[in-house]
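Generate coordinates for the entire structure from the input sequences, incorporating the hints supplied.
Protein chains: 2
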Amino acid sequence: MERLIAQPGTGAGGVAEAMAAAAAEIDGVLQNLLPEPSGPERRLAEAMRYAVLAPGKRFRPVLSLATAELFAVPRRSALRVAVAVELAHAYSLVHDDLPCMDDDEMRRGQPTLHKKYDEATAVLAGDALLPLAFEIIAHPETHPDAEVRLELMRALAEAAGPRGMVGGQMIDLLVEHKPADIGTITRMQQLKTGALIAFACEAGAVLGRAPNTARQALRAYARDLGLAFQIVDDLLDVEGSEEATGKRVGKDAGLGKATFVALLGVDRARTQATMLADQALAHLDIFAERAAFLRRLARFVVQRSH
Amino acid sequence: MERLIAQPGTGAGGVAEAMAAAAAEIDGVLQNLLPEPSGPERRLAEAMRYAVLAPGKRFRPVLSLATAELFAVPRRSALRVAVAVELAHAYSLVHDDLPCMDDDEMRRGQPTLHKKYDEATAVLAGDALLPLAFEIIAHPETHPDAEVRLELMRALAEAAGPRGMVGGQMIDLLVEHKPADIGTITRMQQLKTGALIAFACEAGAVLGRAPNTARQALRAYARDLGLAFQIVDDLLDVEGSEEATGKRVGKDAGLGKATFVALLGVDRARTQATMLADQALAHLDIFAERAAFLRRLARFVVQRSH
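These protein sequence lines are chains A and B, in that order.
Last residue of the first sequence: 309 in the working numbering, with the numbers rising by one and none dropped.
Last residue of the second sequence: 309 in the working numbering, with the numbers rising by one and none dropped.
Be aware that a few hints might be false.
For chains that are exact copies, the list does not tell them apart, and a pair is met inside one copy or across any two.
[As the list claims (entries may be wrong)] Straight-line Cα separation of at most 30 Å, DSSO-like style, residue types lysine-lysine; simulated pairs:
#, residue 1, residue 2
1, K181, K260
2, K60, K181
3, K254, K119
4, K119, K60
Quick caveat, the hints were computed from the structure, so don't treat them as lab data.
Dropping the structure here:
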């Protein structure tokens, strides 16, 4: 059960390998839980599968698996929540890529959904992915206790809603048109990417009915890690290649968009990301050796090239 | 508590009056539960309020209030679920009206959301309304029993997802481009509008922990009523005025779209709607006199002019 905690080695290579193995497990469950194309609406299921099953790091669901391992949550439960997290993430990518939003043509190394299908299908596939995430969590196989499932659904609804992902994307669109300060950018990222990352980490603790101190520690870890992750994303938009990232690069600067890198410069942004990752580690002390993988993951996040 | 059941009179006028009173109650709760505009993302909350608070019949949430009255559910509980139903409905209207979907300019007598704001804001406001519906149901104020709240969330997720509203809208878009038979149109409507109407009716029974026979009767009532409602919608698109309906009329024929009216003709469509309403009534026998309002509502639906 403790496949990530038990993962040997300390280098970035070891983390990448463990993440790839966990991603393969997650993809297997996604395959099973995504609807099969059938009936006159089959195009919808096809589009959902295209968007979700494209190769990805599965960073968020891996966080759920890793935090669930801390509390000896059965793998089957953890995987269902991990998959729900990935569905919510995939939905946000599909909508963020739309022509009326960020107008992106490449994602995860393949044409974005509206390019491959069409805009209407992309809106609908996104619209279908989030309720599917809720359905998966609501099912008794996720956890025998209804209170636990309900708490997960409530937290996911908050992370996905106006005080989470959607609110963050709204700010993101608005800062394209007017200058923004570091406070606005931080709030934007905390809502847009931070809220779901925090949910992904806390979910393991909820499934394991962990004490509040553990939950708060994981939320704090997620908050710092999420910001570090986002700063590195901004850096990769400046310094990365389309080949490595699987999406268009250089677009933020092209839009004159306020990002951490635009506001801080490359060097200070990199320092800030490293500092945030260190800060993330500090929250894990209460888990002692059991959090070794989460520590390595935090370092991996700031060193990643895609 | 039994404001709808106790509503006097039998004519359509009485139903319209009772619905208006219930709609005012629902609107009051919507006002309170929609987020207040604040922070850099305030535009999102403004857009959500614009879309949801526009005057509407509140047909779906009234169904939730009326079915909840059958089982003596506290008004406060019933209103929270009714509001969640209306949010889910408003979200679907905002997305269906988008340029890449039905490309509508008027809704509920005012410019559609993407016309008033912009397309990106309309996508996001829609995206924010559904999670808000889930948050409202998940809150303990909706019902003291977590199992009940969870069951409502699970049913709403199903009604909103690929085997519900979104699947139906996918079929709707596809039948614009190729001929469809009555079976396809029926399936489209059962998913697109029927699933949420069924949820709205069943929700009262779930809140009241009604026996399965009662739940099944209400689902059957909802299924027939939902189709009758939709056929009348199609008829109003042919025979109604923009002034009365608050939206563009004649658009289905303009698109050469397969609808009940296109396939059956006006007269047979009207007969079919009346027959479905009668069929809906038959399912209410087990509730005897207590279902008088639901019966009047079914008749009202087929006689309505908007």
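What label fits K254 with K119 when the C-alpha limit is 30 Å: within, between, both, or neither?
Answer is both: 21 Å inside a copy and 28 Å across each meet the 30 Å cutoff.
K60 and K181: within-copy, between-copy, both or neither at 30 Å Cα
Neither: 32 Å inside a chain and 39 Å across chains, both beyond 30 Å.
How do K119 and K60 come out at 30 Å by Cα distance, when the copy is not named: within, between, both, or neither?
within (21 Å within a copy, 39 Å between copies)
Between copies, within a copy, both or neither: which fits K181 and K260 at Cα up to 30 Å?
Intra 8 Å, inter 43 Å, cutoff 30 Å: intra-copy only.
Of the numbered hints given earlier, the model fails hint 2 alone.
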